[in-house]
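4 protein chains.
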Amino acid sequence: MANSKFEYVKHFEQSNATHLLPNTYIVIRIDGRSFHRFTAVHEFTKPNDIRALSLMNAAAKAVFHDLGGEVVSIAYGVSDEFSFILRKECNLFERREAKLVTTVVSIFTAYYVSLWAEYFPDKPLQRPLPTFDGRAVCYPSIENVRDYLSWRQADCHINNLYNTTFWALIQQGGMTAQEAEKELMGTLSKDKNEILFSRFGINYNNEEEIFRKGSIIYRNYAAVPDSTAETEEKAGAETAPTTTVTVPAETQKGKSRSQQKREAKKLAKAEVVVEHVDIIKDTFWETRPWIIHWTLGRPNEYAGTSQ
Amino acid sequence: MANSKFEYVKHFEQSNATHLLPNTYIVIRIDGRSFHRFTAVHEFTKPNDIRALSLMNAAAKAVFHDLGGEVVSIAYGVSDEFSFILRKECNLFERREAKLVTTVVSIFTAYYVSLWAEYFPDKPLQRPLPTFDGRAVCYPSIENVRDYLSWRQADCHINNLYNTTFWALIQQGGMTAQEAEKELMGTLSKDKNEILFSRFGINYNNEEEIFRKGSIIYRNYAAVPDSTAETEEKAGAETAPTTTVTVPAETQKGKSRSQQKREAKKLAKAEVVVEHVDIIKDTFWETRPWIIHWTLGRPNEYAGTSQ
Amino acid sequence: MANSKFEYVKHFEQSNATHLLPNTYIVIRIDGRSFHRFTAVHEFTKPNDIRALSLMNAAAKAVFHDLGGEVVSIAYGVSDEFSFILRKECNLFERREAKLVTTVVSIFTAYYVSLWAEYFPDKPLQRPLPTFDGRAVCYPSIENVRDYLSWRQADCHINNLYNTTFWALIQQGGMTAQEAEKELMGTLSKDKNEILFSRFGINYNNEEEIFRKGSIIYRNYAAVPDSTAETEEKAGAETAPTTTVTVPAETQKGKSRSQQKREAKKLAKAEVVVEHVDIIKDTFWETRPWIIHWTLGRPNEYAGTSQ
Amino acid sequence: MANSKFEYVKHFEQSNATHLLPNTYIVIRIDGRSFHRFTAVHEFTKPNDIRALSLMNAAAKAVFHDLGGEVVSIAYGVSDEFSFILRKECNLFERREAKLVTTVVSIFTAYYVSLWAEYFPDKPLQRPLPTFDGRAVCYPSIENVRDYLSWRQADCHINNLYNTTFWALIQQGGMTAQEAEKELMGTLSKDKNEILFSRFGINYNNEEEIFRKGSIIYRNYAAVPDSTAETEEKAGAETAPTTTVTVPAETQKGKSRSQQKREAKKLAKAEVVVEHVDIIKDTFWETRPWIIHWTLGRPNEYAGTSQ
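Chains as they are written, first to last, in full-length UniProt numbering: chain A, 1 to 307; chain B, 1 to 307; chain C, 1 to 307; chain D, 1 to 307.
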């Protein structure tokens, strides 16, 4: 075959073909490329554009649906970035880094572009089109994953408080960007809260949850019929109310294989919901133990014999 | 700052942050995900759909334009895959693998989705949307890069001859897919040529160049005004005629830094063209030495002092 | 400086400078290179040479001492291989893979060569000198690490039963190597036990523990004075009796930082002991919880805020 | 088999199993660990100890011999470090990084320890024993490899001029280390040369070549009988005179496979020599083209079809 003398070049692929460590949580974080310019060209509302955030969330939900029920356990979005947490038993693409990260980026990009007109009906997409880069990071423990998400949500708070004050000084206070920047230099959180309240009558805590907390996306296992869970209203829930689950995280250990399979099926049917709640404290995780406490779906071949 | 106790999680990024080896050619190859199903749902013409190939080429040209004049030196596309060859002096994103590969995949995806309606006006995009995965491979020498491209073009030939015969047996010969597959089992190239000619009156060599050779995309440096190059008609050129260049590849070595800068500027202005010609033999490369023989654009800090 | 124009070459180091994932157990396994030939030239006793195994253990103990009290938590040796388990909070050399693995290999080699004459006084070392290669693997959980060690100890058992029978057939049964190999083809464990017992009067279970179980090396924290631990005789202990510890693994979680520091100091003083006991069952680990259940020494910056 | 349920742990090895990029030069550099303390304990002569450097060279020659005729093309040593350049066609251990680097470190360590008594007959080795760490770096071009070696040799010069002056100020000038350090702060090369000459009557250029140039080790292909090369005296050659070779580097390209095989055999027979000459200028390389200009030994499967 004429091709055979060239096929040696495939061998070079081996040198950059990272397999992500098994039995760890994979975080894939995507970021908008040159979004400073993109948001200016498309006249995003400042400091936050609800249309843009809703579009981000819609694209993120598409990642859940495209990858299937058991791959992504939770996602967190803020501004032009989104983090997808893959289950530690995930073996998609044999955990090949490039395949995983490019696939998530490609799905996200495709839906962002495709759904644009739905969220910005009066703003045709201009070139260069919106694009995203991505990276994968592994975390070995639940504590690490929760700290990762806490890091992003704390960042959301810090940035949003700054931006809210910065744009109030400009939009309501008549300052230039330079003046606002100078005004905020060296200020603490309480100083910004004070500026907002005393000068502009804004109580920061009354700002929209989606701006202050970011967006949390996951499958609402507890709301699937036939569950014994009771419904409970939850502040900040955008799509569906979250329900408390009586089964604590610890009971997962004694579960039989067939029970885990039933749970996996139920999870795959669960609706993908978007909420804007605190994920730093324990409550969120204790009431939704299936997100990271449970092992669901395919058996984790790499978990160890005594688990 | 409330965020600081969580920031340790950034440190984990270091373990999967590959920097591609400097002074090597970077090949980024993207592939359509689940395109077998996608092409069926969207009723692509078999064995080749000229609308789909033109859309692929348009998305690939967008990668050239988005990344700027000096990053991609040449790209080769066939079917639902595209390979982008980055200059060996490329230092974009400090050669971070994840950034490079996700950026190319995201640009390609964005334009593929955005331009769809232009190429398939009567076929609205259905879900799941078309997406692509990607990978990066480094090649140290010009010989390796040319062999990589020869490998893809030889593959194009082998697959296209098979597919052309396979679909002739079905579409004109009335066979089922199983029957056609069985008929072709164990056949050589000359057998397939014979089947095409004797049964269906098809001379394979008269098939469209784009189907037989794939698509080659590059910046047509030689056609930029003020060049001394003479224009020459070239079979298979889709966009612009390629011109011969009198300066042979070897003269690059003695070039001054200012001459290289002039050439880089000229290259950035050069039109991105699509051709369907042989890139296995030497002719293509000898008549377009700027593609891989010349070092253009930013100085290659990693080339070595004696180059 | 004349050197500066060459210094760009340092930049290439970045492409192969892996940092092992934080908060995971690092296993460094070393293997004798070409030891088949080496053992023949130096006339090692078959199937096991107690001098050679003792030399391996002495070299492994040197790795504990050279790297200091808190780096290696346990090591397991069999034949010409040794596995060193580094604590998951280990941050030596910032977890750079090449530094860690070459350092362990170099220490082991240096002591193996240097101590040779002590264990083989009548066999001068011949060239090529004994050398070892090594590799590093990360494991995220205690279960994974225990399974790794169980894998090596089960392998020890399988190989040693085979070798014991193989050499009995040759040394006592007068067979050639080919005949012995053929005799054992397809036999199960019980068949080999039966051959040993019925033909040669050997009860495999009475063979030396060091041959059947391999060598386990760790710091005997419980035997350090001022501990409340009670001494207990343990079969297979070569150096010092291991003592039971009343504090179960779970109590580690509530420990204060100062208590952990005290424990780390105590651990650093603890004697490095060699045993030949079962490490597949739970008993070994439950009675020595400091080996992998406790976090000792330097604080694990990467463990997560809620641990 | 009892072992099978544990064998999944092998799968984790895949995540840290780097294969070095084919068709590149591999540089393995080893460094003495804690040699500052080691040289003090063993009372090395300052600024240079000829016994120690000779021992380093002997250990480095052992690496050439142990790895066989075609793996290492040249090595460069200075102080307690040594760099080994592997041929770009090297496929030893399938270019697995950990195997390559640990093997070189282990061989070097074994011979350093074993040969110690020969070079330091009156200084028994004390613990901790001398050990070395190592790393691997790939370089795609001859220019990069030469610049790497130039970097090390320029560093040798800079350090040795400093150390020679520093120790002259102490040993002959009666200064303390602090005083000497202060004296040299901010001085240029010519200042140090002046200090040496005017205060101590030392002409730096008359210092030993081994101190000023470091040690270059390679196989002296040209000196193998049946070569047409003529012998020529060369300053700084320790072992064997190097001979000029009339065949220029460029003729390599037209060589037949059988001629290359003859040359490879001849190279394997060639004596490993140690020299202390300039390797920054072209002369060294032009007169010994087999070192990096020739492809010898096993065919380079990854060089490309047109080479």
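Calculated from the structure, these hints are not laboratory results.
Any given hint could turn out to be false.
The list treats identical chains as one, so a pair stands whether inside a single copy or across any two.
[Claimed, not checked] Below, a list of computed lysine-lysine pairs in the DSS-like style, where the Cα atoms sit at most 27 angstroms apart: (1) Lys46 - Lys266; (2) Lys190 - Lys99; (3) Lys123 - Lys61; (4) Lys192 - Lys61; (5) Lys61 - Lys10; (6) Lys266 - Lys61; (7) Lys61 - Lys99; (8) Lys5 - Lys192; (9) Lys46 - Lys5; (10) Lys281 - Lys5; (11) Lys99 - Lys10.
The structure presented is a predicted model; accordingly, all values stated were derived computationally and were not measured.
Taking the hints in turn, this is what the structure says about them:
1. Neither within a single protomer nor between protomers do Lys46 and Lys266 lie at most 27 angstroms apart by alpha-carbon distance, with minima of 40 angstroms and 40 angstroms respectively.
2. In this homomeric assembly, Lys190 and Lys99 never come within 27 angstroms of each other (Cα to Cα): the closest approach is 45 angstroms inside a single copy and 37 angstroms across copies.
3. Both within a single protomer and between protomers do Lys123 and Lys61 lie at most 27 angstroms apart by alpha-carbon distance, with minima of 23 angstroms and 24 angstroms respectively.
4. When the C-alpha separation of Lys192 and Lys61 is checked against a cutoff of 27 angstroms, the pair qualifies neither within a copy, at 34 angstroms, nor between copies, at 47 angstroms.
5. Taking CA atoms no more than 27 angstroms apart as the test, Lys61 paired with Lys10 passes between copies only; the shortest distance there is 25 angstroms, against 35 angstroms inside one copy.
6. In the homo-oligomer, the alpha carbons of Lys266 and Lys61 lie at most 27 angstroms apart inside one protomer (18 angstroms), although the nearest pairing across protomers, at 45 angstroms, exceeds that limit.
7. Taking CA atoms no more than 27 angstroms apart as the test, Lys61 paired with Lys99 passes in both settings, with 19 angstroms inside one copy and 23 angstroms between copies.
8. Taking the shortest alpha-carbon separations for Lys5 and Lys192, only the inter-copy value of 22 angstroms comes in at or below 27 angstroms, while the best intra-copy value is 67 angstroms.
9. For a Cα distance limit of 27 angstroms, the shortest separation of Lys46 from Lys5 qualifies neither inside one copy, at 58 angstroms, nor across copies, at 29 angstroms.
10. In this assembly of identical chains, Lys281 and Lys5 lie within 27 angstroms of each other by CA distance solely across copies; the values are 14 angstroms between and 60 angstroms within a copy.
11. Both within a single protomer and between protomers do Lys99 and Lys10 lie at most 27 angstroms apart by alpha-carbon distance, with minima of 16 angstroms and 22 angstroms respectively.
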